[in-house]
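Respectively, the protein sequence lines represent chains A and B. Mapped onto numbering that gives the first Met the number 0, the consecutive letters of the first sequence carry residue numbers 0 to 92. Mapped onto numbering that gives the first Met the number 0, the consecutive letters of the second sequence carry residue numbers 0 to 480.
For the record, the hints were derived by calculation from the structure and aren't laboratory data. Hints should not be assumed to be uniformly reliable.
To be verified - Computed cross-link-like contacts, SDA-like style, restricted to lysine to any residue with a CA-CA straight-line distance of at most 20 Å:
1) K303(B) x T48(A)
2) K60(B) x S20(B)
3) K62(B) x E51(B)
4) K260(B) x A395(B)
5) K79(A) x V336(B)
6) K79(A) x P87(B)
7) K232(B) x G62(A)
8) K15(A) x I327(B)
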Amino acid sequence: MAVNRDITEKVADLIKIAIPSSEIDHYASQLNTALDQVDVLQEINTESTPITAQTHGLTNIFGEDHASESLDLDDYHNNKNFRKGYFVVKKVI
Amino acid sequence: MDIKKATIKDIQEGLINKSFSAKELVQEYFHGINSRNKTINAYIYLDQESAEMQAELVDAKLKKSEKILPLEGVPAALKDNFNLIGTPTTASSNMLRDYISPYNATVTERLIKSGALLLGKTNMDAFAHGSSTETSDFGVTLNPYNQEHVAGGSSGGSSAAVAADMCCYAIGSETAGSVRGPAAWCNLYGFAPTYGRISRYGVVAMGSSLDRPGVLANSVYDCALVTDSVSGKDEKDATSIPEAETTYAHNLKAELNNNIKLGIPKQFLDDRIDSQVREQVMQQIKELEKKGAKLIEIDLLDPKYSIAVYTIVSRSEISSNLARLDGIRYGHSSEQVLESIIEQIALNRYEGLGNEARQRSMTGAYVLSAGYYDAYYKKAQQVRTLIIEDFNKAFAKVDLIIGPTMPSVAPKLGVTSGNPVFGELADMLTEPSALAGLPCISVPAGFNNEGLPIGMQIFGPQYSEQLVLNTAYFYEKHLAK
Chain A
0 MAVNRDITEK
10 VADLIKIAIP
20 SSEIDHYASQ
30 LNTALDQVDV
40 LQEINTESTP
50 ITAQTHGLTN
60 IFGEDHASES
70 LDLDDYHNNK
80 NFRKGYFVVK
90 KVI
Chain B
0 MDIKKATIKD
10 IQEGLINKSF
20 SAKELVQEYF
30 HGINSRNKTI
40 NAYIYLDQES
50 AEMQAELVDA
60 KLKKSEKILP
70 LEGVPAALKD
80 NFNLIGTPTT
90 ASSNMLRDYI
100 SPYNATVTER
110 LIKSGALLLG
120 KTNMDAFAHG
130 SSTETSDFGV
140 TLNPYNQEHV
150 AGGSSGGSSA
160 AVAADMCCYA
170 IGSETAGSVR
180 GPAAWCNLYG
190 FAPTYGRISR
200 YGVVAMGSSL
210 DRPGVLANSV
220 YDCALVTDSV
230 SGKDEKDATS
240 IPEAETTYAH
250 NLKAELNNNI
260 KLGIPKQFLD
270 DRIDSQVREQ
280 VMQQIKELEK
290 KGAKLIEIDL
300 LDPKYSIAVY
310 TIVSRSEISS
320 NLARLDGIRY
330 GHSSEQVLES
340 IIEQIALNRY
350 EGLGNEARQR
360 SMTGAYVLSA
370 GYYDAYYKKA
380 QQVRTLIIED
390 FNKAFAKVDL
400 IIGPTMPSVA
410 PKLGVTSGNP
420 VFGELADMLT
430 EPSALAGLPC
440 ISVPAGFNNE
450 GLPIGMQIFG
460 PQYSEQLVLN
470 TAYFYEKHLA
480 K
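The shape of chain A in the complex, shown without the other chains (with noise of 0.2 Å):
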């Protein structure tokens, strides 16, 4: 199915990226060739075939809840929105 500039921009307003109108139809076309390349797909059948998600057979892991050490916040010094022990954001409200 192609993909045209509404589905692109609704993709681009999911994945949040904020994709200028003017390279809408640049992602458009990058998408239909990556969808064009997975098509072949179609043409195996897969009715009753399991999906994989993992490939050595591992399910869930479980472990005991409790608290063990840290990041050592000093070692954050470095990160140029670190000061003070905070994170320091743009004013989000």
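Once you've looked at the hints, dock chain B against the given chain A.
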């Protein structure tokens, strides 16, 4: 001192015999880095001072005749998607250009515990999205064998650093063929063990069901030794295999198992593969036959299905993994201040992510969205099952599978321009085994007419690392040119 194509063994012998000191060795590598890195662009971060300080500690130990650790004193490089405390971990992206690691990846931690002497961090395709390093926001890495060609990717900085003698070995990672591919194009050994054998904790995530760290080196022994140093269960990675660390190097034998059966997939040698690559790899395979291997032609699912499954699965996982990059807590934040937090995040992401990350994230979001999920993502996961079953059937007949690593030699610079699916197409021969999480090695198989390296891959069932490595070791000792 001659560091050309030096192995870990060569270097440690030199250190123990006092042929050179660790500090002299580091200076020698930096001499090469200072003269070649500006052009090749293998490293994007270097710390000579820290490397020399580490070397002085090694020299002090050697002076007291203390035993040194398996990787101690050996100069190495780390791909820039592995966190190393106090250094930038950018994944070669503008989004993380200012990010300083506050912790170590498990691989980094284990390397350090084994004495690794890290010189710096290497260039890669941004977020590992590509097979050429041309998507890096830090510029492309050139192929040391011909600077008009790419070094490969995504671990192209790691492969070029080893190939141009700017380190002894390097850590890379692959989601499809990002260790094997650049190893093939730079005439190196590139090894990626079974998915889960090496922890992914602290590695900038791309496709979480596929990502696996690996090693690029000048010898099979080095690949085995470094893997042994970093492998094993990790509580911080729930998908790590629940087994202790490995002893591949100790058990390495340059032998072909009795009547070993090597499967040659006919789909890996058809006309989609460059003719010189085909001929050269077949010639090497025939040499293995002369040494006692039994060759069996096998029929696998066409790689076009793996390309499609890989495109859907990896891009879906990319869209999810990269969603955390909002430029609020860390990462690129726009100079422009917007009223709405959502709009601010979207602008930060637009500015911080390059074309490749944007389009891969968008594809992922599309195929995961309501209404398309069954047709794309679920379908791809089902065909992934069929690819695994296909390999299981093949491994009932053969011990290992062998063939070209890449469909061509390293292409000229500019190859990705205008091709939004270059990475997935270039990795067509590594995607099937990556989707099944199989242990794989690429070994040097000679050169084409223009002097560009050709790689040959050998892979086996899950957990067959020792057989894969032993066979590659035999090849290295008896047949590699």
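Comparing the hints with the structure gives:
no.	hint	in the structure
1	K303(B) x T48(A)	holds (19 Å)
2	K60(B) x S20(B)	holds (11 Å)
3	K62(B) x E51(B)	holds (16 Å)
4	K260(B) x A395(B)	holds (11 Å)
5	K79(A) x V336(B)	holds (17 Å)
6	K79(A) x P87(B)	holds (12 Å)
7	K232(B) x G62(A)	holds (14 Å)
8	K15(A) x I327(B)	holds (13 Å)
The structure meets every hint from the earlier list without exception.
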